[in-house]
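Trainee: Chains as they are written, first to last, in our numbering: chain E, 1 to 274; chain R, 275 to 592.
These are computed hints drawn from the structure, not numbers from a lab.
Even for Gly, the Cβ is constructed at its ideal location relative to N, Cα and C.
A portion of the hints provided could be inaccurate.
Said to hold, decoys possible - One-sided and incomplete, this derived list gives chain E residues near chain R with beta-carbon spacing under 7 Å: (1) I251; (2) A252; (3) T255.
Unchecked claim - Straight line, CA to CA, 25 Å or less: simulated SDA-like cross-link-like pairs of lysine to any residue: (4) R:K435 - R:A412; (5) E:K5 - E:Y24; (6) R:K553 - E:Q138; (7) E:K15 - R:N402; (8) R:K553 - E:Q220; (9) R:K435 - E:A235; (10) E:K15 - R:F405; (11) R:K435 - E:F47; (12) E:K15 - R:K553; (13) R:K435 - E:A249; (14) R:K553 - E:P222; (15) R:K553 - R:G568; (16) R:K435 - E:E241; (17) R:K553 - R:F369.
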Amino acid sequence: MNTLKLLRSAPPTAKFGMILIAIYAVIAILTPWIAPHGQAEIVGLEFEPWGGEFILGTDNLGRDMLSRMFYGIRNSVSIALATTILSFALGTVLGLMAATLGGWIDQLMSRLVDVLMAIPAILFALLLLTITGTGIPQMIAIIAVIEATRVFRLTRATAMNVAVMDFVEAARLRGEGTFWVIRREILPNITSPLIAEFGLRFCFVFLAISALSFLGLGIQPPTADLGAMVRDNAALITFGELVPLLPAAAIALLTVAVNFVVDWMLHRASGLKS
Amino acid sequence: MSPIVRMIAGRLALGVLTLVLVSLVIFMAVELLPGDIAQEILGQSATPETVAAFRAELGLDQSPPIRYLNWLGGVLTGDLGNSLATGRDISSMIFDRFGRTLFLAGYAAAISVPLAVTLGILAALYRNSIFDRIVNVATLSSISFPEYFVAYILILFLSVKASIFPSIADFGRDPTFAEMLYRTFLPALTLVLVVTAHMMRMTRASIINLMAQPYIEMARLKGAGPMRVILRHALPNALAPIINVIALNMAYLITGVVIVEVVFVYPGLGQLMVDSVAKRDITVVQGCCLVFAGVYILLNLLADVLSIATNPQLLHRK
Numbered sequence: 001m002n003t004l005k006l007l008r009s010a011p012p013t014a015k016f017g018m019i020l021i022a023i024y025a026v027i028a029i030l031t032p033w034i035a036p037h038g039q040a041e042i043v044g045l046e047f048e049p050w051g052g053e054f055i056l057g058t059d060n061l062g063r064d065m066l067s068r069m070f071y072g073i074r075n076s077v078s079i080a081l082a083t084t085i086l087s088f089a090l091g092t093v094l095g096l097m098a099a100t101l102g103g104w105i106d107q108l109m110s111r112l113v114d115v116l117m118a119i120p121a122i123l124f125a126l127l128l129l130t131i132t133g134t135g136i137p138q139m140i141a142i143i144a145v146i147e148a149t150r151v152f153r154l155t156r157a158t159a160m161n162v163a164v165m166d167f168v169e170a171a172r173l174r175g176e177g178t179f180w181v182i183r184r185e186i187l188p189n190i191t192s193p194l195i196a197e198f199g200l201r202f203c204f205v206f207l208a209i210s211a212l213s214f215l216g217l218g219i220q221p222p223t224a225d226l227g228a229m230v231r232d233n234a235a236l237i238t239f240g241e242l243v244p245l246l247p248a249a250a251i252a253l254l255t256v257a258v259n260f261v262v263d264w265m266l267h268r269a270s271g272l273k274s
Numbered sequence: 275m276s277p278i279v280r281m282i283a284g285r286l287a288l289g290v291l292t293l294v295l296v297s298l299v300i301f302m303a304v305e306l307l308p309g310d311i312a313q314e315i316l317g318q319s320a321t322p323e324t325v326a327a328f329r330a331e332l333g334l335d336q337s338p339p340i341r342y343l344n345w346l347g348g349v350l351t352g353d354l355g356n357s358l359a360t361g362r363d364i365s366s367m368i369f370d371r372f373g374r375t376l377f378l379a380g381y382a383a384a385i386s387v388p389l390a391v392t393l394g395i396l397a398a399l400y401r402n403s404i405f406d407r408i409v410n411v412a413t414l415s416s417i418s419f420p421e422y423f424v425a426y427i428l429i430l431f432l433s434v435k436a437s438i439f440p441s442i443a444d445f446g447r448d449p450t451f452a453e454m455l456y457r458t459f460l461p462a463l464t465l466v467l468v469v470t471a472h473m474m475r476m477t478r479a480s481i482i483n484l485m486a487q488p489y490i491e492m493a494r495l496k497g498a499g500p501m502r503v504i505l506r507h508a509l510p511n512a513l514a515p516i517i518n519v520i521a522l523n524m525a526y527l528i529t530g531v532v533i534v535e536v537v538f539v540y541p542g543l544g545q546l547m548v549d550s551v552a553k554r555d556i557t558v559v560q561g562c563c564l565v566f567a568g569v570y571i572l573l574n575l576l577a578d579v580l581s582i583a584t585n586p587q588l589l590h591r592k
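The shape of chain R in the complex, shown without the other chains:
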């Protein structure tokens, strides 16, 4: 087996283990915290018999390990159980919404990743210039802005004052792809503004770090232009940290989407989760949490594998 295949297999196994442990934490959280779900839902006036019957219906009368295994078995076969509040099948509730959330996150990623890397390289190239300073202050500020602040500013200017884009990201029936892109432009732009800054800062920092290396000086001394030095000599070696920070921000996109979806009334997974928290619909929240955590772990895994693939040195680390 080539070392890279072995590495990927090892990482995958670790990822699966993490996912199982995370599912355990998500499941256990309900067990560890005080309070009886059945009693909470039925209210204080419920008779002990109704509470007992409801507990049996939810399967709460079985011991926790058995319930965990049942739940995990269900999750593996794509059955997340039924909603406590509405009794509907959770998997079917989540499926469509998850697709829409991925669409929004993917849309934002498609704009922000090339933008961030380009701006980062430019900032590294014109280091300590006015451009670099402005970029630095702008990124520090945008990291500090809550998502809804950015979202409402965009709504105020692009939707209310200028009426270019709709402030509610609602698809209606059978939208075309172009229409979908148009209707979700503001939420996507919000996410772009929130994540680009961080990715750009890291791109700039990792390239500047490399610029102090002797081989870069050598490239410069033999007469390579600044653009060539950065793109051909520095960038390939800076890829690993850049990939890592991009994956981290993609994971952030997946979670940052929660608030953006609420602001723009976008029918995605985040909105479902927030509504379910308010209704204390624990089974739905568990399902959403597991899906989000799965994506998060997968992205981190992908970043690990990609950054090792771009930097063979990492393969032979002890």
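One chain only, chain E, in its complex shape:
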């Protein structure tokens, strides 16, 4: 009941964002059943026009564009989600450890993160991809580690603020262990900034992965991916066709949606505090 009221009080931009996210989620989950063709299946001639048998036409190899879009959303979103979750698992655990244990562990990790963050993210990813070679597992690991440094920073900073509070001191004096203090005292107090950060990080990861795929260095064919689809069909732009813009628009729309929702959440969080 409360959540329903909360959702109804959301501004139109946030509502729009939530509806879009829901649509993407449904597409991502139901793709194998709603897509008319397989993602690597060649079903017609190259670059067939819109309408008729193929609603969005076919791509540079004669694959159904609509099915590729569905699979592209499914693949890109799930890979981005997995990467974000991994980076959060890494970043929050290390950040909480740094904030509660302090001392040389904190110093070591913080300085290491400082140095890693001094290299622009996409360039660092390119460097590491040169060494590991392209592939989905490598890409997930590399981007997760890079994003984890950002998550670490935020987690450490917010957890530090909570760790000096009296109630944490009280819990320590009661003789609670570090793990208990983290889980029961600190974590509940930093969840809302972390959730907002999750949305933002997801956008960054999603954009980074599609950028790498666009450069031909991320998800490899024939697996459908939104970034790679833009690249594959880019030649059509010179004929004034909109087709290559569709996958790019699908990327943009989801990030806009997530940003709208995050913006509302941050606004609410800051409004409640003041």
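Based on these hints, arrange chain R on the given structure of chain E.
Mentor: Coordinates of chain R only, in the frame set by chain E:
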């Protein structure tokens, strides 16, 4: 020594230290990750002797610290080694391309910085008006747009449909400055659209933050007009955060350039880096990465120094 000189010297030392550590990370990345570069390049069918000979040629048979010092010594004297794929000297490959990348980034910065600050001030001035709302939604969206999306939309409308600007940013031989500006207009515009939003949002936010201060109210009460209050009273105090976000976005320009260069087939450093990643030409990628990271660190350093210079309070922070 005046405190400002001491501060700048301190920051410079910190910047150099960061750069050395970053070079260490860039170098170490190759060491830490599994796989043997020589084996990878020669393929599985290479005999152990060829692999050993190739390793010796690359200097891979020496111990990592020695190789790092050799590499660093080379970097300091402007020698980045040779490309693994073509054997060409990397410094000469990078030099021209870096100039072109800086040209493109500088072009975009020259348009976007004044534009962003002006729009930000206007949005703060007409806060909560329709103008402010439109600007807010537009910036939130443009932050979310991938660079190539913006780039292809621009190509579609300004190059294909209207044929005003070329879609390929190729200079040809000995272009005039005006011609260079014309040919790189679309990539520069793409970058402008991508970075302006963020800078504008921060300008607006930092000015609005200041508008709640008592001294601003005082200025208003004594009868200063809204434009004067913002430009004379609020802006000087908002400079530090604005400079910071501008530097951050300039650093972003330097990296965002990678994708834009690929879309417009612009022969810059980003394009070279992407091609080298595909070829797994690690020495070239290391060189490009170091150059980019150097610029990034330098810009952040500059932002630090400038923002402290505009706000003397920051000098005496404990």
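Trainee: Compare the structure with each hint and give your call.
Mentor: Outcome of the hint check:
With 7 Å as the threshold, the beta carbon of I251 of chain E comes within range of chain R, its nearest partner Cβ sitting at about 6 Å, so the hint holds. Proximity of A252 of chain E to chain R holds as hinted, the smallest CB-CB distance being about 5 Å (cut-off 7 Å). Because the smallest distance between the Cβ of T255 of chain E and any Cβ of chain R comes to about 4 Å, under 7 Å, the interface hint for this residue holds. In summary, the hint linking K435 of chain R to A412 of chain R is supported, as the alpha carbons are separated by about 24 Å, within the 25 Å threshold.
Taken as a hint, the K5 of chain E and Y24 of chain E pair is honoured in the structure, with Cα atoms around 24 Å apart against an allowance of 25 Å. This hinted pair checks out: K553 of chain R and Q138 of chain E have alpha carbons roughly 17 Å apart, not beyond 25 Å. Of the supplied pair hints, the one linking K15 of chain E and N402 of chain R holds, its CA atoms being roughly 20 Å apart against a limit of 25 Å. Among the hinted pairs, K553 of chain R with Q220 of chain E is consistent with the structure: their alpha-carbon atoms are about 15 Å apart, no more than 25 Å.
Note on K435 of chain R and A235 of chain E: the hinted pairing holds, with a Cα-Cα distance of about 15 Å set against a maximum of 25 Å. For a cut-off of 25 Å, the pair hint linking K15 of chain E to F405 of chain R stands: about 22 Å separates their Cα positions. A hinted pair counts as satisfied when its Cα atoms are at most 25 Å apart, and K435 of chain R with F47 of chain E qualifies at roughly 20 Å. Restraint check for K15 of chain E and K553 of chain R: the C-alpha separation of about 45 Å exceeds 25 Å, so the hint is violated.
Restraint check for K435 of chain R and A249 of chain E: the C-alpha separation of about 19 Å stays at or below 25 Å, so the hint holds. Between K553 of chain R and P222 of chain E, the direct Cα distance comes to roughly 20 Å. Compliance with the 25 Å bound is thereby established for this hinted pair. This hinted pair checks out: K553 of chain R and G568 of chain R have alpha carbons roughly 24 Å apart, not beyond 25 Å. Annotation: proposed proximity of K435 of chain R to E241 of chain E holds, straight-line Cα distance about 10 Å (limit 25 Å).
In summary, the hint linking K553 of chain R to F369 of chain R is supported, as the alpha carbons are separated by about 20 Å, within the 25 Å threshold.
The structure fails hint 12 only (numbered hints given earlier).
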